[in-house]
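Trainee: Residues per chain, in single letters:
4 protein chains.
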Amino acid sequence: MTKHIGILTSGGDSPGLNAAIRGVGKAALDLKMHVVGFRDGFRGLMENRTTLLESGQLSGILTLGGTILGTSREKPHKMMVGGKVRDMTEVIVANYRSSHLDCLVCLGGGGTQKNALRLKQAGLNVVTLPKTIDNDVAMTDTTFGFDTALGIATEAIDRLHSTAHSHHRIIVVEIMGHRAGWLALGAGIAGGADVILIPEIPYDIKSVANAIHKRKRSGKPFSIVAVAEGAISVEEYQEIQAAPAAIKGKKAEAAEIVYADRTIRVAQQLESLTGLEARVTILGHLQRGGTPSAADRILATRLGTAAAQLIHDGHYGVMVAAHGENTVPVVLEDVAGLVKTVPVDHSWVESARRVGTNFGD
Amino acid sequence: MTKHIGILTSGGDSPGLNAAIRGVGKAALDLKMHVVGFRDGFRGLMENRTTLLESGQLSGILTLGGTILGTSREKPHKMMVGGKVRDMTEVIVANYRSSHLDCLVCLGGGGTQKNALRLKQAGLNVVTLPKTIDNDVAMTDTTFGFDTALGIATEAIDRLHSTAHSHHRIIVVEIMGHRAGWLALGAGIAGGADVILIPEIPYDIKSVANAIHKRKRSGKPFSIVAVAEGAISVEEYQEIQAAPAAIKGKKAEAAEIVYADRTIRVAQQLESLTGLEARVTILGHLQRGGTPSAADRILATRLGTAAAQLIHDGHYGVMVAAHGENTVPVVLEDVAGLVKTVPVDHSWVESARRVGTNFGD
Amino acid sequence: MTKHIGILTSGGDSPGLNAAIRGVGKAALDLKMHVVGFRDGFRGLMENRTTLLESGQLSGILTLGGTILGTSREKPHKMMVGGKVRDMTEVIVANYRSSHLDCLVCLGGGGTQKNALRLKQAGLNVVTLPKTIDNDVAMTDTTFGFDTALGIATEAIDRLHSTAHSHHRIIVVEIMGHRAGWLALGAGIAGGADVILIPEIPYDIKSVANAIHKRKRSGKPFSIVAVAEGAISVEEYQEIQAAPAAIKGKKAEAAEIVYADRTIRVAQQLESLTGLEARVTILGHLQRGGTPSAADRILATRLGTAAAQLIHDGHYGVMVAAHGENTVPVVLEDVAGLVKTVPVDHSWVESARRVGTNFGD
Amino acid sequence: MTKHIGILTSGGDSPGLNAAIRGVGKAALDLKMHVVGFRDGFRGLMENRTTLLESGQLSGILTLGGTILGTSREKPHKMMVGGKVRDMTEVIVANYRSSHLDCLVCLGGGGTQKNALRLKQAGLNVVTLPKTIDNDVAMTDTTFGFDTALGIATEAIDRLHSTAHSHHRIIVVEIMGHRAGWLALGAGIAGGADVILIPEIPYDIKSVANAIHKRKRSGKPFSIVAVAEGAISVEEYQEIQAAPAAIKGKKAEAAEIVYADRTIRVAQQLESLTGLEARVTILGHLQRGGTPSAADRILATRLGTAAAQLIHDGHYGVMVAAHGENTVPVVLEDVAGLVKTVPVDHSWVESARRVGTNFGD
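Chains as they are written, first to last, in numbering that gives the first Met the number 0: chain P, 0 to 360; chain H, 0 to 360; chain E, 0 to 360; chain Y, 0 to 360.
With the rest of the complex left out, here is chain P (with noise of 0.2 Å):
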């Protein structure tokens, strides 16, 4: 018989997205499954707004950045419709239903892991993938998204060392990752920044201050600062362990706006403490875009492929995820609600801190 397939992508759009899709897509049809997709994340879940996606849709998408499906950020539980917030759970199950469905397979990051594990909860067969440049979802090595946005944030680099070396300047570069510091860590190391300041280890606006000082009198009178968005000094992680959870709570809300002010005022004090001139670049929305790498690609084949197998042997109510060579089903419950930083201890760490680079303890 037949079997009926959904494919969304929910959350920020990640270089990759259109490589899954057309891998589930084509390996689904390999498979002689019937395959639709549903546009802007749960929301056209919601909305029962379709495209059929046969061969023709598959083809000449594996290089496009973004998402041809289109992307929100909506959960299930907690929709703006008719300017409230509703939980259209149900409303998503009937039309899951009604499209006569066999499974729904949803690409995002850990946010989306969460909501494929409700409609798991609510009786849906679902399959998902791990998206995110952020590489922060848990079970698996790596997320699609993550290698390019690497080399985008590493290029910038490269080119900031231009000004840092021509001015003798500081340059202070904020790159994304509120909860885990990988894109931060591994573009650091790759683009041989001098400081890297990441969520998991709190800095010391002093320490960095001295490492710079101490390049500037061995006569190198600039520095490249990588910033996590999520970085926090040490007085700022304390306030946050000492603060009850209601506040910590809020305090995350709040974050998202601040990130670059932190980052601007990361380079006012450096400037205050080292005499040097800070400039600041804010990456933002461009390590997300565009073409996906080649290693990227691979991945995104890989698992969209595997989920398309797992669905046609039955094998429901996971994540796909890339351990090693293979790709592993992890049950969605061991998934949802973690989060996959730094650890203090990582090889990574250990060997950016063998080649000089300061993390501010």
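Calculated directly from the structure, the hints in this document are not laboratory data. Being a predicted model, the structure only gives us computed values, none of them experimental. There's no promise every hint is true.
It does not matter which identical chain is meant; a pair holds if it fits inside one copy or across any two.
Cut-off 25 Å, straight-line C-alpha distance, at most; resulting in silico cross-link-like pairs (PhoX-like, lysine-lysine) [to be verified]:
| hint | residue 1 | residue 2 |
| --- | --- | --- |
| 1 | K77 | K213 |
| 2 | K83 | K2 |
| 3 | K213 | K83 |
| 4 | K215 | K205 |
| 5 | K74 | K113 |
| 6 | K219 | K74 |
| 7 | K213 | K113 |
| 8 | K77 | K205 |
| 9 | K77 | K113 |
| 10 | K215 | K31 |
| 11 | K113 | K215 |
| 12 | K83 | K215 |
| 13 | K113 | K83 |
| 14 | K31 | K213 |
| 15 | K205 | K219 |
| 16 | K31 | K2 |
| 17 | K31 | K219 |
Since the structure of chain P is already known, use the hints to place chains H, E and Y on it.
Mentor: For chains H, E and Y alone, coordinates are given in the frame of chain P:
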């Protein structure tokens, strides 16, 4: 008799500076001259900090971003010395004499042309090259650095299309250009921006919102808005026109601080006028750095070798301009103090309008 | 009255073709024309295979390599039909008439200009755009495709420097250009090639070997040799000069087959003359493909929109040429049959010599 | 007591070598060791040509292609000296002793692992890193250079799609890989090649032609065929299997010469079997050169710093392998002489088949 020449790079760094240094230097050596570089622009000339430029120093730098000589924004007649701003022209003239220079080659933008003219008036032999990513130096077809920055800004817009399209957003991207809109105009055309705002064409935010709204109604709920740093609204423009000169100056000084703020305000206004989400990306120093494009390497090499030839021929007091395939000496008096802005009926503007670009007017 | 136009792309594919189709098409729609595309060059015109070009077809193609219309190298008056080469001009004229066209826009290189002139002489209204990575179309400053190919070939040389340097080798890199050496010359200058061989300057292999030997003696046992496809030795040149016309033609036909062979022979000769290892890289079709550069997108857009304006004004029988910042109509009779080769005293050549490049003469 | 180490790079150059030299060197300096580099691989070790590696030499090389130390393919036990091939192991051991080295670090591919083992057996302390764009070193997840080459080859395929599509052609692209097909496989998947031919899966040219024919019938008269250098037809495979060992060896030696010829023959066979035009592109040394990718820089840094730590701990005779996020020492006896080929049921192969790729079997 062997001629002695000095080279310095001044103003913001720009891709192609090293290619130009190499061009001047290799051609000068070929013409049996003796070449030194001054470090960090006019500052190094004042402090007599030099480095010998021989074949070895000039090898392998063609592809490097930044400037191997370092640069600064300091001016001969207004230099910070001992905590005070002083006129150091006499010291510079003395250093030039004591180095037995026959000519000083200054690589820089509009400000550098003015400073070079002052030194010419103080009795020095000078030859300049036009360098800036802004392309706003008068009397030359183009400047090296512009083509590279154009490529970087265009690639950025390419990336931002992914996000704009996938999330149904307005993306407002700020591109360098205080006084002239060449870079935003060029990258806007090349990147297929839907709206381009440049200093030369004051914008009415309602016209912009209408254009975006019209796209939305025709099924394209996403738009890219390319904004030059110096873009101004009709209201701001009228205020500046009405204000006495003193206020104009003050505004100009304040301008650099508020570019990002203004770009953010454009995004906020468009959000409220169109009902679409807007996001801002500030490209900043990314546009200055990294390997020069092929076209910029060729241009810098051509201008550099032509400068050496002019010096060899005893032809001083000029900027080496690009006129089509040829290089032409232009006396500094005809260049200094002028800014090459975009004519409002320039062929690029006309062409962009024909493919549907809105300029906010 | 609504004008009807047809567009076709002919000859080798070249980056910027889609940008030009978009430029012509969007401007024509803006000028209230009706636009169709013919598939696969003059072949599709002869077979009347068309596609409607409306706003939707023209969106999102600015950055695409290749041509959405397809292309072929066939000529109206020598077309393979039913196994025979036939003159299909009358069929083409008939199709033009039956489609009620007011003008045919032909995007192509030197051959296309000749074919367009033939159709003009057969009574059709034609307007052409100059497209080729070779930059050898007469009467225009440049052609779209050239800047992109220049960037690709330069990046290739940048990469080959690594290997040349690490292995102490001669790397001989073949760059496109049968009749004109613009691409090899430009990429050679931009890539810092030590030797540049172009059709316009017949080379003496011993002179090349001497230059490489001199580098070796000065501690640089590696060299990059950029060779245009059509580069010829002094001996070959003399043979061609001496031969009667018939032989010349035959040689020309045979040429395409033996480019790679000749490049390989250059490498072998240099190995035996210098005692260094030599390796060959043939860039081939890589130089034609992929996303056009920013400069090519702007150029193609400018020329395309200008073509639509000329048609609107009833100005036919011309190629739209780039003259500085302007676009200028040039009557086809002044273009067809000419090849823009590199003058041996061109400013690029002079500049390259000054920085030490050997041309084999 | 201060340890003394020597570093050399051997075999074909590969992106990331300088990043690895920097990683070993900076970490070794941090661990208070004394570091020298030997020039041009084992040749320089034999001739005792060294260069001191201190902080200054290790700065700014992270992004450079090639190797600052130079490389060669010579082997300690078969070195060309005075016109004869001689075993120079004793001289090498003597140089190692007279330099008072505690360890020799060899950066190279499969051949280098074998040579390092020989020196280990001759009594030297050695540590190796796995470097090659071919990814065929045993006992490590991956090798540095591979990811960069993968990106270059993929970008090449992206470009070739333009031409294939616009001209309705078969494009046959030869990708490096004598013995293992990792690079052609990876780039083929990432570039969306329609056919991938690798040494591990002997191909039947008729199967390939059928796949291309099927595409043509479904309206896609163009195909990309990615061919590894060492790809062989079923007929060749059977011949090799049947031949005695002596012939196998001879064939292997002859192989390098005929790669391009074989790739050209594939194109010719496909032309005659499908009736479509075919064109060949040989990527060649382009795949080895230029700036390493972000992933390769991180990998090379991790392996390099781990090597220094092992030496610090007195752990010799091993290759530093990448196992997931960790680095693991593997005794050279377990690595030398092995080739990591692509298992015919590898997850990449399975995934590629699912999206419709033909492997010629």
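Trainee: Hints first: check each against the structure and report whether it holds.
Mentor: For each hint, the structure was consulted:
1. K77 <-> K213: neither (51 Å within a copy, 31 Å between copies)
2. K83 <-> K2: Answer is neither; intra-copy 36 Å and inter-copy 52 Å both fail.
3. K213 <-> K83: neither (56 Å within a copy, 28 Å between copies)
4. K215 <-> K205: within (15 Å within a copy, 50 Å between copies)
5. K74 <-> K113: within (9 Å within a copy, 57 Å between copies)
6. K219 <-> K74: Classified as between: cross-chain Cα gap 24 Å, same-chain 49 Å, threshold 25 Å.
7. K213 <-> K113: neither (46 Å within a copy, 37 Å between copies)
8. K77 <-> K205: So K77 and K205 fail the 25 Å test inside a copy (43 Å) and across (34 Å) alike.
9. K77 <-> K113: Only inside one copy: K77 and K113 sit 13 Å apart there, 61 Å across copies, limit 25 Å.
10. K215 <-> K31: between (64 Å within a copy, 22 Å between copies)
11. K113 <-> K215: Classified as neither; 48 Å inside a copy, 32 Å across copies.
12. K83 <-> K215: between (56 Å within a copy, 24 Å between copies)
13. K113 <-> K83: For K113 and K83, the Cα distance is within 25 Å only inside one copy (22 Å; across copies 61 Å).
14. K31 <-> K213: between (64 Å within a copy, 18 Å between copies)
15. K205 <-> K219: within (18 Å within a copy, 46 Å between copies)
16. K31 <-> K2: within (8 Å within a copy, 48 Å between copies)
17. K31 <-> K219: Between copies only: 21 Å across chains, 62 Å inside a chain, cut-off 25 Å.
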